[in-house]
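Quick note, the sequence shown lines up with residues -19 to -1, 1 to 1059 if you use mature numbering (1 follows the signal peptide of the UniProt record, and there is no 0).
These aren't lab readings, by the way, just hints derived from the structure by calculation. Just so you know, these numbers come straight off a predicted model, no measurement behind them. Even glycine gets a Cβ: it sits at the ideal position worked out from N, Cα and C. Among these hints, one or two may not hold up.
Listed below are the simulated DSBU-like cross-link pairs for lysine-lysine, each with C-alpha atoms no more than 30 Å apart in a straight line [to be verified]:
#1 K392 x K373
#2 K36 x K616
#3 K687 x K664
#4 K345 x K313
#5 K874 x K886
Computed spacing ranges between beta-carbons, pair by pair [stated by the list, open to error]:
#6 N981 x Q272: 36 to 42 Å
#7 T72 x D354: 31 to 37 Å
#8 E403 x Q598: 47 to 53 Å
#9 S385 x K249: 31 to 37 Å
#10 S680 x H825: 47 to 53 Å
#11 K174 x T926: 56 to 62 Å
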Amino acid sequence: MWRILVVAVLLVTTVSVDGDKVVVLPHDVYPGYEVTLFNTKRPSNFHLMENNFSKFFTVLGNGLVMTTSDLSPLVDRPVNLIVLEELANSTETHFLHLHVINRRNMITFSHDHLGEGEVAENSAAGTLIDGFPVLRARGSFPVHYTILPDETGDRPFALKEEDSNQTGFNLTLNSQKEGVRVVTAKPLDRETKKLYTVVIHASDGYLLSSSQINGLVHVLDENDNSPVFEKEQYTFEIRPTSSDGINENSVAFPGWKRFSTVGKVAAKDADGDKVAYKLLTPSSLLVVVPQTGELMLVGEPEITMEEDSECVVIVEAHDVRSPSRSTEKPAKVVVRFLTSDSTEVEVHRIQKRRVTRAVRPTKKVDFTEADGDVEGKIAFYLEKENEKETYKIRDENKWVTVDSNGSVIVKQKWDYEELGSEKTIDFWVTITNTERCSRYPSYMRCPFHDTDNQRVIINVKDVNDEPPYFINRPLPMQTVVQLNAPPNTHVFTLQARDPDTDSNIHYFIVRDRTGGRFEVDERSGVVRTRGTDLFQLDMEYVLYVKAEDQNGRIDERRFQSTPEERLSIVGGKRAPQFYMTAYEAEIPENQKKDSDIISVKAKSFADREIRYTLKAQGQGAAGTFNIGPTTGIVKLAKELDFEDLRQPHIYSLSVTATEDSGGFSTSVELTIRVSDVNDNAPKFELPDYQAHNVDEDISLGTSILKVKATDADSGANAEIEYLVSDDHFSVDSSGIIVNNKQLDADNNNAYYEFVVTAKDKGEPPKTGTATVRIYTKNKNDEEPKFSQQVYTPNVDENAGPNTLVTTVVASDKDGDNVRFRFVGGNTTSGQFVIEEITGVIRLHGKAISLDRDKYELNVTALDDGACCPNGETTTHTSTAVVVVFITDVNDNKPVFKECSMYNPKVEEGAPNGSTVIKVQATDEDKGVNGQVKYSIVQQPNQKGTKFTVDEETGQVLTNKVFDREGDDGKFVSVTVKATDQGEPSLEGVCSFTVEITDVNDNPPLFDRQRYVENVKQDASIGTNILRVSASDEDADNNGAITYSLSSPNNEQGLEYFEIQPESGWIVLKKPLDLGNRQ
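Please take these sequences and the hints and turn them into a complete structure.
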């Protein structure tokens, strides 16, 4: 089972945007919670300007912002606060933007980190990242998941919904049960990038609460790149080291240094593998060193000093991996052996490369808030580079959308105060250039994808449409004046702020109930004394004041202003003032002891230290809470239990703030409510519920029994719903269990057992379980069921009487006895009989003649109704088919019927693999027993086989090149064996002789290399001088020899002699002349 484990919950998120602070708060932080701190290194004092939200917060003089009441009314509302920092000679304004969200709706992830995952390079888009978990979010749904682009703007990964095939960079899920997985958005190339950072952002539907999680993806290497040479052709030149070599004709030959390095080739493998080299063209001059690619001279070219030469070799590179990859295009290497002084200049050409643009310059435009006041209004147009460009906004934007023609359209009325601190509308557009695709017809796919991206930033200026508000705290405004205060004494400072950026605030006294004793500075808001009369002790002086924004005119006579506020000034001294007139807090019953509940603060008008005391009111409150005497933080002093009747659910307390050194004191009411926590699981009244004698044929939806569980908690924590674990049944909210499906006593041993669960509606919910057993009554409503609908036994063709064929098996769920017969009611069918009780089928006891390939038998099974009362009145039957296959017995061996007629011939010198003859053997058996395979029988003392045979076709081929005049002779014997596939197998053989026919492949050979004979000068014409003799190993006409004479160097010799073609006798045909011939 998958569980969501949350290690830490983010309570407060604080970010800073251009000096403004943005804070997201849970709704249930207690009053006095420290929200944020405005740090400063300068002497200063902070004040919170008043608006509709300032009553929920306060700021202390040191810049600490705290909550002062329950924030529930602010849930899902944008809250803007202005904090004024008073310096020695000036003031500074700080903006604080808060979003209060129900804690349950704050977005958190099921995991703290994605961790590290991996994926093989080149994996198809949509491949899951191994090692990354299924990611689920908790909070307010729907939840928008976004996988953020990397630093280049690319998105190599995408999100895939766990239970569907929906994939994208942005997914919206509507339930906590749904999760997302990280998948590849495209095939990745490890050689381009081997480590990616994945960042997933999740936000709620209002884009207020968000969370972010990241992880690392390692791209695993595959051998998908062949080595590539740095150049397609290498040219190296080498010159001789000397010219000392002189040959027998006195020609000078250059001397070359053997084993010297001629040059070096280099190939790189993008996978990072080591590369080895080899020559594809054999060379007696050059070798390549496999490890380095260096070419070495190992021979000497046979050239003179007056000539140049060159040698061309082809070099291949392959990576050192198994299996390895070789270069798709080998390198050509030209080595020039130069002995002359000429040089060749190589011309290099540089081709200009076009650079493709991906991101256009950012477009920035300025508009006022009023320019976006109408939805659907066209604000402006984006500039096109050509008319074929189309536009599309890349990510959904709240304020604008972009039409395909480049028009930027107002989607929602622009609100300056909701735009955030940057006051911009920032979005990206994708620009597609269809110009190159326009020449392709609609039915053809365009091969080009020209797209650019452009960022658009709209700077929005404010329109003065917001009234000012007072930020003084605490309220109502109070202060004191010294009795002898001289004129122009500073008494109080009115502080107001306006959300509009061009505000011009002025302060005024609307009604004066002091008799003109005070005045207010219109610009600074400082309230000062007037006149010299003494002020009376404890007398209250009241002024009604307001602030106007004189740049925010309502009409010709009126300006936007604050409501009238009452300023109370007391002569002498006055008691401290709490920042709230009353405090309330709510805590869960499982609040930890000694934990903070609420911070109660008071202001001393005498600038004295204040000490706080706490007093309980009502029964059961004493000792439950305590307060820090100097901090005002109320803590829980003991454990609470909402279900304990002795403990109240609402505590009424009184907090007193007293100034040190005998100063004044004042009190305020504090109410603390204790809320129920779901800490009790539902409990059933019984651990085991049973229902007996339930008919198995009751109609669907029949009430069977009722269960009941109770929960000691209250409210939703005590509301119970019921669930059952068996889909045959369902249970309603009152605990009544009914059947959803037809019951069957036969399938469940006459009873059903399942678990009923009671689940409360707390968060998280708790459950309790009980066991339910429902016992059913059986009826004879089931027919017998055969174990198989078709039986396929085998019987040998020579089986004898009473041979067992098979056993059919049938059972009845009702428990009845079963009887077997053939269809028609008989126990015999042809040569087969069936035993009624056992279902055994045999051959009958008479003579057997199985002359068919198969026999089909139809068998019936009949129950007897013995399971149930009156069961015999409703008997049932079922049928099955028995197909008896008659199996062949391997009792015939293969026979070569035409073996005696095989007299094949093969020419000597025929290439290896030449066709000799096709033999054929037949086997009268059936099936595999009659399937034949061929092989050559090895002859005794024979090395290797001279022939091969195709085991399937019987085609005999030569396995060597025969020489009739050599060891092979004129005839070669061969034996072919045919083997069937039976078990055990049988075989037959065929032996025949292959005649090797002669080819004129031997020249005649004389019995001597030289003949010498002396001839008398007076020998007569026709005298036999000598006889030459030659022989030829070839046969027949190929071995017949005729003789002829030739004299290449002295043709005159042929005038005196001739040779007889048949006998080889050389005969004198002209008298010899001793003076002319020897």
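Checked hints:
With a C-alpha separation of about 14 Å, the suggested pairing of K392 with K373 holds against the 30 Å cut-off. Restraint check for K36 and K616: the C-alpha separation of about 23 Å stays at or below 30 Å, so the hint holds. Restraint check for K687 and K664: the C-alpha separation of about 15 Å stays at or below 30 Å, so the hint holds. A C-alpha spacing of about 55 Å is found between K345 and K313, which places the hinted pair above 30 Å, so the restraint is violated.
For the hint pairing K874 with K886, the CA-to-CA distance comes to about 28 Å; that is within 30 Å, so the pair holds. A hinted range of 36 to 42 Å for the beta carbons of N981 and Q272 is inconsistent with their spacing of about 53 Å. A hinted range of 31 to 37 Å for the beta carbons of T72 and D354 is consistent with their spacing of about 33 Å. A hinted range of 47 to 53 Å for the beta carbons of E403 and Q598 is consistent with their spacing of about 51 Å.
The hinted range of 31 to 37 Å is not satisfied by S385 and K249, whose Cβ atoms lie roughly 45 Å apart. For the pair S680 and H825, the beta carbons lie near 52 Å from each other, so the given range of 47 to 53 Å is met. Distance hint check: the CB atoms of K174 and T926 are about 58 Å apart, consistent with the given range 56 to 62 Å.
Checked against the numbered hints listed earlier, the structure breaks hints 4, 6 and 9; every other hint is satisfied.
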